[in-house]
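Engineer: On the provided structure of chain A, position chain B as indicated by the hints.
Taken in order, these protein sequences are the chains called A and B. Using my numbering, read the first sequence as starting at 26 and increasing by one per residue. Using my numbering, read the second sequence as starting at 1427 and increasing by one per residue.
Don't read these hints as lab results, they were simulated from the structure. Any given hint might turn out to be false.
SDA-like cross-link-like pairs, simulated, lysine to any residue; straight-line CA separation at most 25 angstroms [claimed, not checked]:
| id | chain 1 | residue 1 | chain 2 | residue 2 |
| --- | --- | --- | --- | --- |
| 1 | A | 410 | B | 1638 |
| 2 | B | 1631 | A | 294 |
| 3 | B | 1463 | A | 294 |
| 4 | A | 353 | B | 1613 |
| 5 | A | 368 | B | 1653 |
| 6 | A | 126 | B | 1613 |
| 7 | A | 368 | B | 1534 |
| 8 | A | 368 | B | 1613 |
| 9 | A | 368 | B | 1528 |
Simulated restraints on C-beta separations [stated by the list, open to error]:
| id | chain 1 | residue 1 | chain 2 | residue 2 | range |
| --- | --- | --- | --- | --- | --- |
| 10 | A | 450 | B | 1635 | 31 to 37 angstroms |
| 11 | B | 1635 | A | 372 | 15 to 21 angstroms |
| 12 | A | 267 | B | 1467 | 53 to 59 angstroms |
| 13 | A | 382 | B | 1571 | 47 to 53 angstroms |
| 14 | A | 313 | B | 1571 | 35 to 41 angstroms |
| 15 | B | 1570 | A | 276 | 31 to 37 angstroms |
| 16 | B | 1537 | A | 315 | 53 to 59 angstroms |
| 17 | B | 1467 | A | 505 | 48 to 54 angstroms |
Even for Gly, the Cβ is constructed at its ideal location relative to N, Cα and C.
Here is how the chains run, residue by residue.
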Amino acid sequence: MLWAVIACVIATLLAWPWRDFLDPANTAMLYLLAVAVVAARAGKGAAIAAALLGTALLDFFFIQPRFTFTVGDVQYAVTLAVMFAVALIIGNLTQGLQREKEAALERERQSGALYQLASQLAGALTLAQIDEMTRRFLHETQSCHSLLLMRHGEEVSPVISGQTPLSGKPYYAVKTSLQQGAAQATLDGALHWLILPLHDMPQARGVLALSFYDVGLLGNERRPLFKAIAALVATSVERLYFVEIAQQAQLQMTDECLRSSILSALSHDIRTPLTVLYGMADTLAQSALPPALHEMADAMRQQTFRLNSMASNLLDMAKLRAGDIRLKLEWQPVEEVIGASIKLLGPALAQHPVSVVLPADMPLLRFDAVLMERVLCNLLENAAKYAAPGSSIRIEVRTDQKFAHLSVCNDGSQFPIDRLEGLFELFERGDIESNVPGVGLGLAICRSIVSAHGGSIYADNNEGACVTFTLTLGEPPVIEPEDEYE
Amino acid sequence: MNEQTILLIEDEAQIRRLVRTAMEEEGYRVRESGTLKEGLAQLHADAVHLLILDLGLPDGDGIAFLRELRTQFSLPVLVLSARSAEGEKIRALDAGADDYLTKPYYTGELLARVRAQLRRAPQESATAENRFHFGDIEVNLAQRSVTRKGIAVRLTPIEFRLLCAMLVEPGKVLTYRHLLSAVWGKAFVESNHYLRIYVSHLRQKLEDDPAQPRFFVTETGVGYRLDI
Chain A
26 MLWAVIACVI ATLLAWPWRD FLDPANTAML YLLAVAVVAA RAGKGAAIAA ALLGTALLDF
86 FFIQPRFTFT VGDVQYAVTL AVMFAVALII GNLTQGLQRE KEAALERERQ SGALYQLASQ
146 LAGALTLAQI DEMTRRFLHE TQSCHSLLLM RHGEEVSPVI SGQTPLSGKP YYAVKTSLQQ
206 GAAQATLDGA LHWLILPLHD MPQARGVLAL SFYDVGLLGN ERRPLFKAIA ALVATSVERL
266 YFVEIAQQAQ LQMTDECLRS SILSALSHDI RTPLTVLYGM ADTLAQSALP PALHEMADAM
326 RQQTFRLNSM ASNLLDMAKL RAGDIRLKLE WQPVEEVIGA SIKLLGPALA QHPVSVVLPA
386 DMPLLRFDAV LMERVLCNLL ENAAKYAAPG SSIRIEVRTD QKFAHLSVCN DGSQFPIDRL
446 EGLFELFERG DIESNVPGVG LGLAICRSIV SAHGGSIYAD NNEGACVTFT LTLGEPPVIE
506 PEDEYE
Chain B
1427 MNEQTILLIE DEAQIRRLVR TAMEEEGYRV RESGTLKEGL AQLHADAVHL LILDLGLPDG
1487 DGIAFLRELR TQFSLPVLVL SARSAEGEKI RALDAGADDY LTKPYYTGEL LARVRAQLRR
1547 APQESATAEN RFHFGDIEVN LAQRSVTRKG IAVRLTPIEF RLLCAMLVEP GKVLTYRHLL
1607 SAVWGKAFVE SNHYLRIYVS HLRQKLEDDP AQPRFFVTET GVGYRLDI
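Just chain A, with the same shape it has in the complex:
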């Protein structure tokens, strides 16, 4: 207002000495200048005031008759009206400019602040640090309180333990926000709450909860800023999450490496003395000894062999249990692995001839050859262990629509009927106090391997004691036919 008065008085004083030479229309220009200056300086209100005052002064001092507010000539009424209108328009325009300038400044300030927050968050190493930085930032720039809450399954809790968890209305707002993936506002007592999910989708990792006493902060112009802050926090949380996953993977890898090197060292250390023992017993058994001693040497050899297969089974089980089994699945004829298993067992099967029955059109199956060899060896060894001396062992393969059924059966022995299921449990054996050696690992290993292949394994007494396992049939890769003979 002061600006308006001063500008008008100056305009009047400037124009007064020239009152007799200048046409009042030109004097009006001087007042317009004054109004423009006031509008630029002091905004719309002052400009209107200056326009009113200027019009009055022009009329009073320069329009005949002077020193009255009467307008003698009608044409000066037009001058006065135009001047008033122009003054108003200028005032409006300048004020718009002013407001935009202020908004731009505010925006610049906000993005500067956001940039600062972003660079701080980039260095955050824990969720608690993110929470702390966001809280400090919002407190300083927006005078509101913030709380970072993370979702754990269905529950939501603050990242800093010891902070009081939310309850009542804000708590339900947090739940709704997580469910819907949208911001929620609520009022709890005198506190206004604004809940922002860390991602605009359901089941976000967490929320940023803002609380303040001033309802004005809830206004729409602040929303983009708050959303931007939530997005920054979300990015940092995500980064921490992936860093953690990467670290875990690394840790797991080192862990696996360590475990596997321990297992192979162990296996090496067990095998070396066993090799010596076995070799000595073997040498003794083959030398010329009195029958009783010869029998003993032979028994020693057999027991050592069993000790070795037990040790292998234990180590295998440790490997299978330790981590996920990585299968090397390949399409192959099943008779190959059957033959290899029979050969591998060698002398252990000497007393039991093995017959193999395969359908003529046996398709290729997809499995890990090394592990399948393990399964077949265990089943064969088992069959031989419980079979009557001299009896034969049968390997039979059948196919139906979906599966190949591989059975290993012996003649003359029976599984205890009430324990058919339990046979495949760890450390389970057919007869609790049987004199046949073994710790019941073999079948448990078979089950682990077969289920890793997506098959099932079961025992029955239909035609001798049989263990049957299934492998899924599939479509083997096409082999280019070759029909030209030499």
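Structural biologist: This is chain B only, laid out in the frame that chain A set:
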């Protein structure tokens, strides 16, 4: 009997004694060494016909040793190791081993493998003649003919190539990769199922019991060995 010399590099004294006893009973001369360095010196000093090598020795890794050995010597190498992982076997074979036996082993099996390896050297003359004889099977490379019990067996070109690739190195464990690249070419080194199917064809045509093969022996997860 011509006395053939076997060098045994193995750090476990008891195992050395066992192997020595078994080998000497068969009439072989045996040299022993507990370290790679000493073993290498013996190889240079004496005419050795076969090396039996343990992989975990106090003065170095057996596989690196094998690679170095192959730059100077071509004698057959049988690895006798407690390492039973297939990857380990393949590494040893790729480094130049001819056969691989895991501990504990059957003495009979070790002797059979040793015999098979030692038989390979004089086979050079047979290769020159292009004629092979095993079991009741006769192969004439020059005529590209195969007979079993005197009856001609018809093989496809690929089957014949595969048979040749195996006949060249009888007793040696041939990895999938080696056989695939020898018979089908480098582009097929990952197509293990091709090899498996053609080996099964050969077994069908040449073995008495294809499910329990006598000649075309499977080394599960590693490759095949022609046991003749």
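Engineer: Against each hint, give a clear statement of whether it holds in the structure.
Structural biologist: Verification of the hints:
| no. | hint | verdict |
| --- | --- | --- |
| 1 | 410/A to 1638/B | 21 angstroms, holds |
| 2 | 1631/B to 294/A | 43 angstroms, violated |
| 3 | 1463/B to 294/A | 23 angstroms, holds |
| 4 | 353/A to 1613/B | 20 angstroms, holds |
| 5 | 368/A to 1653/B | 13 angstroms, holds |
| 6 | 126/A to 1613/B | 70 angstroms, violated |
| 7 | 368/A to 1534/B | 13 angstroms, holds |
| 8 | 368/A to 1613/B | 32 angstroms, violated |
| 9 | 368/A to 1528/B | 14 angstroms, holds |
| 10 | 450/A to 1635/B: 31 to 37 angstroms | 36 angstroms, holds |
| 11 | 1635/B to 372/A: 15 to 21 angstroms | 19 angstroms, holds |
| 12 | 267/A to 1467/B: 53 to 59 angstroms | 56 angstroms, holds |
| 13 | 382/A to 1571/B: 47 to 53 angstroms | 34 angstroms, violated |
| 14 | 313/A to 1571/B: 35 to 41 angstroms | 48 angstroms, violated |
| 15 | 1570/B to 276/A: 31 to 37 angstroms | 59 angstroms, violated |
| 16 | 1537/B to 315/A: 53 to 59 angstroms | 25 angstroms, violated |
| 17 | 1467/B to 505/A: 48 to 54 angstroms | 52 angstroms, holds |
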